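Here the sequence shown stands for residues -10 to 388, where the numbers follow the working numbering.
Honestly, the hints are just simulated from the structure, not real lab data.
Just so you know, not all the hints are guaranteed correct.
Straight-line distance between alpha carbons at most 30 Å, and here's what the computed DSS-like set of lysine-lysine pairs gives [to be verified]:
1. Lys241 to Lys90
2. Lys243 to Lys336
3. Lys190 to Lys352
4. Lys352 to Lys336
5. Lys310 to Lys243
6. Lys241 to Lys336
7. Lys310 to Lys248
Quick list of simulated restraints, FRET-style, between CB atoms [said to hold, decoys possible]:
8. Val253 to Val295: 28 to 36 Å
9. Arg298 to Ala357: 30 to 38 Å
10. Gly296 to Ala357: 38 to 46 Å
11. Lys336 to Ala118: 27 to 35 Å
12. Met117 to Asn303: 30 to 38 Å
13. Thr233 to Pro203: 19 to 27 Å
14. Ala357 to Asn303: 13 to 21 Å
15. Ala126 to Gly339: 49 to 57 Å
In this text, all values refer to a predicted model and were calculated from it rather than measured experimentally.
Note that CB positions come from ideal geometry on N, CA and C, so glycine has one too.
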Amino acid sequence: MPEARLRRVSSQRFLPALKFIAVALCATAFLLPGAQAAKKEKPTAAKTAVAKKAKAKAPAEVKRSAASSKKAVVAKRGGRAQKSEKAVRGGRNLVATIRKKNGKTVVAVQRRSVVRVEAPVRQSFGQMAGLHSTDDALDLKSSVALVIDQDTHEVLFSKNDHAVLPIASLTKLMTGLLISEAHLPNDELITITQDDVDTEKGSRSRLTVGTMLPRGELLHLALMSSENRAAHALGRTYPGGLTTFVSIMNAKAKMLGMKDTRYVEPTGLSSRNQSSAQDLALLVNAAYSDATVRSLSTSPEYQVEVGNRVLQFNTTNRLVKSPDWEIGVQKTGFINEAGQCLVMQAKVAGRKLIMVFLDSAGKFSRIADAERVRRWVEATHAMPGSPAASRNVAYQIAG
-10 MPEARLRRVS SQRFLPALKF IAVALCATAF LLPGAQAAKK EKPTAAKTAV
40 AKKAKAKAPA EVKRSAASSK KAVVAKRGGR AQKSEKAVRG GRNLVATIRK
90 KNGKTVVAVQ RRSVVRVEAP VRQSFGQMAG LHSTDDALDL KSSVALVIDQ
140 DTHEVLFSKN DHAVLPIASL TKLMTGLLIS EAHLPNDELI TITQDDVDTE
190 KGSRSRLTVG TMLPRGELLH LALMSSENRA AHALGRTYPG GLTTFVSIMN
240 AKAKMLGMKD TRYVEPTGLS SRNQSSAQDL ALLVNAAYSD ATVRSLSTSP
290 EYQVEVGNRV LQFNTTNRLV KSPDWEIGVQ KTGFINEAGQ CLVMQAKVAG
340 RKLIMVFLDS AGKFSRIADA ERVRRWVEAT HAMPGSPAAS RNVAYQIAG
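Using the sequences provided together with the hints, build the complete structure.
What follows is the structure in structure tokens.
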């Protein structure tokens, strides 16, 4: 009995130790995989720390160039770093050059010099021919000018009046005259088509493709407001078509004695429409004899209904609205090749005058030339009994 009790007591004494060992083994089995995973991640974390440290030490120039362009890359071939140089645009006028030198990245920033080149001014045919170098007593800005007494045919003033030049929208005076003389129905609706769109100069128009207007209103807009699509549509819808109309334009010019004149289309957008001041004076005289052309060309403004809109058109010649002028017929014109042009029949100092101004240099110079001629005629060529002549006599007596 005593021996059995002693043996049982000894085994119970080692029981806690056995439990501890079992718990330890379980804990080891549970924690060992995590420890091994953490051990494997340590090199990666170390590499990340080194990369961050290297990034922090990167030169400020590299950071700026990287912000300007993401293309700054050091070339590597076969695992070995190669020397590279690349220009990176870092702004409108800045160029940064990035290169490797002695293992370091060097960034050089240069400011580019900017040279502005203005487009050359396109010269008119008159300028290229040297006509602007011609002096005249009135110091006109037009390279070609002619003033004729309509009744007596006396030439009061002339300057390069035989020069043949592009005439721009002065062409429309012949277009309007022929349409008026044809006595076509003015209320006939004409549709603006793609054929009427200007492909010569790319000019704009408020008469969009598909617009329908009576022939009479298109004629009004062509003569008063120099509407290109209106003039083209008038020629296109002439009996026989556009080709027939242009041939009639040239035939009419020949009939009027316009020996230097040639037309290729009805708007004047082509620089191949050419004439001389002498010829244009004949055209103005013929246009003045047509009541419709007189009325429409001197209209100050006109409104047309296009769909649900009402469009306001105005004259291209501000002298029409001036109380100092009594204008019977007029037409303006401009393309680069022709310069600023103006023809008129006007009553000045008791005289019916035909005035032609071609290839004027500035935007308002053709108007200024007309005003200068008017004052000159009033001072030196006034008809006896006219208000201008009475003022001149009074001035001479007072002087």
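Hints, verified against the model:
| no. | hint | verdict |
| --- | --- | --- |
| 1 | Lys241 to Lys90 | violated, 82 Å |
| 2 | Lys243 to Lys336 | holds, 28 Å |
| 3 | Lys190 to Lys352 | holds, 18 Å |
| 4 | Lys352 to Lys336 | holds, 24 Å |
| 5 | Lys310 to Lys243 | violated, 34 Å |
| 6 | Lys241 to Lys336 | holds, 26 Å |
| 7 | Lys310 to Lys248 | violated, 34 Å |
| 8 | Val253 to Val295: 28 to 36 Å | holds, 29 Å |
| 9 | Arg298 to Ala357: 30 to 38 Å | holds, 35 Å |
| 10 | Gly296 to Ala357: 38 to 46 Å | holds, 40 Å |
| 11 | Lys336 to Ala118: 27 to 35 Å | holds, 33 Å |
| 12 | Met117 to Asn303: 30 to 38 Å | holds, 32 Å |
| 13 | Thr233 to Pro203: 19 to 27 Å | holds, 22 Å |
| 14 | Ala357 to Asn303: 13 to 21 Å | holds, 20 Å |
| 15 | Ala126 to Gly339: 49 to 57 Å | violated, 22 Å |
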